[in-house]
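*Asks:* Here the protein sequences line up with chains A and B, keeping their order.
Going left to right, the first sequence walks through residues 517 to 593 as the numbering used here numbers them.
Going left to right, the second sequence walks through residues 517 to 593 as the numbering used here numbers them.
Do not take every clue at face value.
To be verified - Cross-link-like lysine-lysine pairs, in silico, DSSO-like; alpha carbons within 27 Å at most:
no., chain 1, residue 1, chain 2, residue 2
1, B, K565, A, K520
2, A, K565, B, K521
3, A, K565, B, K587
4, B, K529, B, K587
5, A, K528, B, K529
6, B, K521, A, K529
7, B, K549, A, K549
8, B, K529, A, K529
9, A, K549, B, K529
10, B, K569, A, K587
11, B, K520, A, K586
12, B, K569, A, K529
13, A, K586, B, K521
14, B, K549, A, K528
15, B, K549, A, K529
16, A, K521, B, K529
Since the hints were made in silico from the structure, they are not lab data.
Number of protein chains: 2
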Amino acid sequence: MDIKKAFGVVLKKERERIEITQIDLAGRCDIDKETISLYERGLRQPTLKTLLKLADALNVEAEYLVTEVKKRLTSLE
Amino acid sequence: MDIKKAFGVVLKKERERIEITQIDLAGRCDIDKETISLYERGLRQPTLKTLLKLADALNVEAEYLVTEVKKRLTSLE
Numbered sequence: 517m518d519i520k521k522a523f524g525v526v527l528k529k530e531r532e533r534i535e536i537t538q539i540d541l542a543g544r545c546d547i548d549k550e551t552i553s554l555y556e557r558g559l560r561q562p563t564l565k566t567l568l569k570l571a572d573a574l575n576v577e578a579e580y581l582v583t584e585v586k587k588r589l590t591s592l593e
Numbered sequence: 517m518d519i520k521k522a523f524g525v526v527l528k529k530e531r532e533r534i535e536i537t538q539i540d541l542a543g544r545c546d547i548d549k550e551t552i553s554l555y556e557r558g559l560r561q562p563t564l565k566t567l568l569k570l571a572d573a574l575n576v577e578a579e580y581l582v583t584e585v586k587k588r589l590t591s592l593e
């Protein structure tokens, strides 16, 4: 799995965990909904700044998101 | 301190810790030297993919780099 796809999977999982929509998430972090959708579909990767903003909006640590992405990169699934 | 500057400080500190030059670091992670210089001067921020590549090249975890950046963002110094 490449980084964009791994990040997309993690972002969607965390968003659904707290039961908010892409529009809700976009509103929480001042990123437009279309960009959230690109991330979740594995079509774009975030910058460090965006990673920190998304983590805040999801109520998780950015380090946790990185760990989850790395798990998926090394997974054989 | 903004994210670009915080990342630049962290990157330079970690590079100097293992006593390699910007050219050495560039060679280790297939990023050109000019880009490494932009990062260290706080003029560009990395994507998630680049963050992971730089962490590998520096022999640290990407999570550690994120933690160090966050420390500097919240510092009053």
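*Asks:* With reference to the structure, classify each hint as holding or not holding.
*Replies:* To see whether the hints hold, each was checked on the structure:
Proposed proximity of K565 of chain B and K520 of chain A is supported: the alpha carbons are some 8 Å apart, at most 27 Å. A C-alpha spacing of about 11 Å is found between K565 of chain A and K521 of chain B, which places the hinted pair at or below 27 Å, so the restraint holds. Taking the CA atoms of K565 of chain A and K587 of chain B, the gap is about 14 Å. The hint holds against a cut of 27 Å. Taking the CA atoms of K529 of chain B and K587 of chain B, the gap is about 14 Å. The hint holds against a cut of 27 Å.
Restraint check for K528 of chain A and K529 of chain B: the C-alpha separation of about 34 Å exceeds 27 Å, so the hint is violated. The suggested pairing of K521 of chain B with K529 of chain A is violated, with an alpha-carbon distance near 31 Å, which exceeds 27 Å. A distance of roughly 35 Å separates the Cα atoms of K549 of chain B and K549 of chain A; the hinted pair therefore is violated under the 27 Å criterion. Taking the CA atoms of K529 of chain B and K529 of chain A, the gap is about 34 Å. The hint is violated against a cut of 27 Å.
This hinted pair does not check out: K549 of chain A and K529 of chain B have alpha carbons roughly 36 Å apart, beyond 27 Å. Pair hint K569 of chain B plus K587 of chain A holds up; C-alpha atoms about 15 Å apart against a cutoff of 27 Å. About 23 Å separates the Cα atoms of K520 of chain B and K586 of chain A, which keeps this hinted pair within 27 Å; it holds. In summary, the hint linking K569 of chain B to K529 of chain A is supported, as the alpha carbons are separated by about 24 Å, within the 27 Å threshold.
A threshold of 27 Å between alpha carbons decides the hint, and for K586 of chain A with K521 of chain B the separation of about 25 Å falls inside it, so the pair holds. For the hint pairing K549 of chain B with K528 of chain A, the CA-to-CA distance comes to about 35 Å; that exceeds 27 Å, so the pair is violated. Proposed proximity of K549 of chain B and K529 of chain A is contradicted: the alpha carbons are some 36 Å apart, above 27 Å. Distance hint between K521 of chain A and K529 of chain B is unfulfilled; the C-alpha atoms sit about 31 Å from each other, more than 27 Å.
Hints 5, 6, 7, 8, 9, 14, 15, 16 from the earlier list are contradicted by this structure; the remaining hints agree with it.
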